[in-house]
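Chemist: Each chain, letter by letter, is given below.
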Amino acid sequence: MKLIKTLMAAATALAVTAFVAPSFAADDPGPAAYAQSLKGKRVMLVPLAMGFDLAQGWAHYLKTEVEAWGGVFETRDPNWVVDAGAQAITDAISSDTRPDVLIIHAPDLNSYSKLMKKAQAAGTYVLLVDNPANFPADAFVGSDWDRLGQLEAEAAIKGCGENSSKKIGLVQGDQANSSSLYQYAGIMKVLDKHPDFKVVAKPDSNWDATTSRNVTTTMLQQNPDICSIIDFWDGDATGASAAIRDAKLEGKVFLVTTGGGEKTADCDKLQDGTYGAVVMTELARQSGDMNAIIKFLLQSGQPAGTSHTYIYTLEKATTKADLKPDSCWDLKALQAEAAAK
Amino acid sequence: MNTIGWPNFRSLNQEGIVFAIAVVLFVAAAIGLPGFIDPNNLVAIVRSVSVLGILALGMAVVIIGRGIDLSAVAIMAMSVAWYLQLLNSGTPDGLAFAYVLAGVLAIGLLNGFLVAYADVPAIFVTLATGSFVFGYVRSQLITQDAVPVPQGHWVELLGGLRFLDIPIEVFVFAGLAFLLFLFLRYTKWGRYIYFAGDNPVAARNIGIPVRPMLVLRYVLSAFVALIAGLLTAASLHSINTRVVNSTLLYDIVLVAVIGGIGLSGGRGGVRNVLVGAALIGILLNAMTIIDIPLLYQNLIKAAILLGAIIVDGIINPRDEQTAQQGDI
Numbered sequence: 001m002k003l004i005k006t007l008m009a010a011a012t013a014l015a016v017t018a019f020v021a022p023s024f025a026a027d028d029p030g031p032a033a034y035a036q037s038l039k040g041k042r043v044m045l046v047p048l049a050m051g052f053d054l055a056q057g058w059a060h061y062l063k064t065e066v067e068a069w070g071g072v073f074e075t076r077d078p079n080w081v082v083d084a085g086a087q088a089i090t091d092a093i094s095s096d097t098r099p100d101v102l103i104i105h106a107p108d109l110n111s112y113s114k115l116m117k118k119a120q121a122a123g124t125y126v127l128l129v130d131n132p133a134n135f136p137a138d139a140f141v142g143s144d145w146d147r148l149g150q151l152e153a154e155a156a157i158k159g160c161g162e163n164s165s166k167k168i169g170l171v172q173g174d175q176a177n178s179s180s181l182y183q184y185a186g187i188m189k190v191l192d193k194h195p196d197f198k199v200v201a202k203p204d205s206n207w208d209a210t211t212s213r214n215v216t217t218t219m220l221q222q223n224p225d226i227c228s229i230i231d232f233w234d235g236d237a238t239g240a241s242a243a244i245r246d247a248k249l250e251g252k253v254f255l256v257t258t259g260g261g262e263k264t265a266d267c268d269k270l271q272d273g274t275y276g277a278v279v280m281t282e283l284a285r286q287s288g289d290m291n292a293i294i295k296f297l298l299q300s301g302q303p304a305g306t307s308h309t310y311i312y313t314l315e316k317a318t319t320k321a322d323l324k325p326d327s328c329w330d331l332k333a334l335q336a337e338a339a340a341k
Numbered sequence: 001m002n003t004i005g006w007p008n009f010r011s012l013n014q015e016g017i018v019f020a021i022a023v024v025l026f027v028a029a030a031i032g033l034p035g036f037i038d039p040n041n042l043v044a045i046v047r048s049v050s051v052l053g054i055l056a057l058g059m060a061v062v063i064i065g066r067g068i069d070l071s072a073v074a075i076m077a078m079s080v081a082w083y084l085q086l087l088n089s090g091t092p093d094g095l096a097f098a099y100v101l102a103g104v105l106a107i108g109l110l111n112g113f114l115v116a117y118a119d120v121p122a123i124f125v126t127l128a129t130g131s132f133v134f135g136y137v138r139s140q141l142i143t144q145d146a147v148p149v150p151q152g153h154w155v156e157l158l159g160g161l162r163f164l165d166i167p168i169e170v171f172v173f174a175g176l177a178f179l180l181f182l183f184l185r186y187t188k189w190g191r192y193i194y195f196a197g198d199n200p201v202a203a204r205n206i207g208i209p210v211r212p213m214l215v216l217r218y219v220l221s222a223f224v225a226l227i228a229g230l231l232t233a234a235s236l237h238s239i240n241t242r243v244v245n246s247t248l249l250y251d252i253v254l255v256a257v258i259g260g261i262g263l264s265g266g267r268g269g270v271r272n273v274l275v276g277a278a279l280i281g282i283l284l285n286a287m288t289i290i291d292i293p294l295l296y297q298n299l300i301k302a303a304i305l306l307g308a309i310i311v312d313g314i315i316n317p318r319d320e321q322t323a324q325q326g327d328i
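Residue numbers (full-length UniProt numbering), protein chains in the order written: chain P, 1 to 341; chain F, 1 to 328.
Bear in mind the hints are in silico, worked out from the structure with no lab data behind them. All values reported here derive from a predicted model rather than from experimental measurement. Glycine included, each C-beta is placed from N, C-alpha and C at the ideal position. There could be a bad hint or two in this list.
[Said to hold, decoys possible] Pairwise CB distance ranges, derived in the manner of DEER restraints:
| hint | chain 1 | residue 1 | chain 2 | residue 2 | range |
| --- | --- | --- | --- | --- | --- |
| 1 | P | 341 | F | 150 | 21 to 29 angstroms |
| 2 | F | 30 | P | 307 | 54 to 62 angstroms |
| 3 | F | 154 | P | 136 | 49 to 57 angstroms |
| 4 | F | 293 | P | 30 | 49 to 57 angstroms |
| 5 | F | 309 | P | 40 | 24 to 32 angstroms |
| 6 | F | 313 | P | 307 | 55 to 63 angstroms |
| 7 | F | 93 | P | 307 | 54 to 62 angstroms |
| 8 | P | 323 | F | 183 | 51 to 59 angstroms |
| 9 | P | 341 | F | 309 | 53 to 61 angstroms |
| 10 | P | 40 | F | 293 | 44 to 52 angstroms |
[What the hints assert, rightly or not] Here are the simulated EDC-like pairs of lysine to aspartate or glutamate, each with C-alpha atoms no more than 20 angstroms apart in a straight line:
| hint | chain 1 | residue 1 | chain 2 | residue 2 |
| --- | --- | --- | --- | --- |
| 11 | P | 202 | F | 198 |
| 12 | P | 41 | F | 156 |
| 13 | P | 320 | P | 272 |
| 14 | P | 295 | P | 74 |
| 15 | P | 248 | F | 291 |
| 16 | P | 263 | P | 282 |
| 17 | P | 167 | P | 154 |
| 18 | P | 202 | P | 154 |
| 19 | P | 263 | P | 330 |
| 20 | F | 301 | P | 174 |
| 21 | P | 158 | P | 192 |
| 22 | P | 63 | P | 100 |
| 23 | P | 198 | F | 291 |
| 24 | P | 316 | P | 337 |
| 25 | P | 341 | P | 326 |
| 26 | P | 166 | P | 225 |
| 27 | F | 188 | F | 198 |
| 28 | P | 158 | P | 250 |
| 29 | P | 295 | P | 28 |
| 30 | P | 252 | P | 225 |
| 31 | P | 248 | F | 198 |
| 32 | P | 63 | P | 74 |
| 33 | P | 167 | F | 198 |
| 34 | P | 166 | F | 291 |
[What the hints assert, rightly or not] To list a few chain P residues with every Cβ distance to chain F over 10 angstroms, as calculated:
| hint | residue |
| --- | --- |
| 35 | 36 |
| 36 | 56 |
| 37 | 118 |
| 38 | 147 |
| 39 | 161 |
| 40 | 210 |
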């Protein structure tokens, strides 16, 4: 009898336990630990400027996520001025509200190296985005520019075709920015494997659309049979496309460029034939990578400057043929969404 | 004292030197570079310096009157960016254009008023208004650096306009240059600008309305900047306000000064701008054809400017008058 009683009691206890089992979920230690290590943490983005699609897109996705876990998200706008960016970083490091994570869009390989070291010494994790620099940041998130250049060159070769003049023109950015230098290296790697394709000219645009137009005009004047032009950024490729339009070579010159995958900047122009191919950065995914590494670093407990991770965004060349409704993100829609809040 | 016979090398001024350099470069490029002499390339050269030249015309008027307008590029980019932003957000064209005209007029008046009546040096006034225009428009009125021209808008059609296969900005440049030439040479107010630039106090003493004319020059320069901005947007189908951070402003001053318009005021004219623009245009085009990297292009450009200034200094030593009143 006693045994049966005990068994029944045990069964009841089990039943009760089973009944209240859902309360186990509330005891999942994950969310509490997550909230504890993230809450109130400050994340700051210092891009080259806040006025262009990439920076505005990053800021949107980062802000949404950071604020969702109870952090503080800030941006600084150096407006393409390297000194102003350095000032912003210096101020951020020495202020009372020193950011826990600093996301830096480096203007060149070296300018901010010392400041980033200082930030890490103060205990701030440093993330480099988009442009690599000569500095072991806690993480680099962005394009592998060499690979990106290779994709551009492959798209250009495909755009030219076998029976073309096989003459390719480049409109480089400048000779200081890593994105320009590595992009060039990548393009040349592919072209070395296709010795029948020749680069006939490789002027710099200095990232300026008017300069891009002028040098492309000259390039087309000298080589009217160019079959493809690779312009190193969609921000100034509007100039190269104007030159092609003016030379009445639309449809004959396959214009390849790269950009942040914004709708009006990239997809609309693929659609209307201005660009033949664009190697687009999937911005939402890239921002997602940044969000993940931020959350990891803040919970890791490891001191700033101890990890050196490279997280390259998957890139691909998109042409009109493989345009999908979700190929691009829409800055206007994001701004409308932000305004509605 | 010019006599018939050997050219008087003493009378060779900076304009002459720069013109000579431009001719030498032109001939060398025509012989050495395939395709340089092609009519289409020559048109491309003129076109590439048209907007720069138009801005330099506006700058020239201000400099001749012994001033300088460092807000020109900001006005050019920001006025048009605001205009396009208004159009993109659905403002009727006429109203949007009226707003922008009023804004440009206001900045020109402000520049002129502060220089003429508040006696603040032009270099500081226009530096400040330029930053103000950029900052205000960029932060308050537009959402992005680059603003596209709405599809099918007249600005877009303007960019495609050609006469005899020559782009419209070449004609606008030529037309403005001619109008300015007439103004400076044949109108009373045009001649007064030289008097005021050469010696403002004396000009005022003989009854020339020095101050209202000063205001007029800055307004003129602001409107010229607006025209340059519209032409830029017409060609690129968008305007990028990043141009405010570029070296364009220095290039404008370079074109005016290298052509021989003295920064001390009272000297020079439209011809100097044309010579300066021609040199820069030929130089840039030739260097692009040779495929010289941008870094070296800037170096060569700077070296030629420095050379022209040094030669000018040797041939035309500074006289008592410039020594006394000084340059800008």
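Chemist: Looking back at the hints listed earlier, which ones does the structure fail to meet?
Modeler: Hints 5, 11, 12, 15, 24, 25, 31, 33, 36 and 40 contradicted; others consistent.
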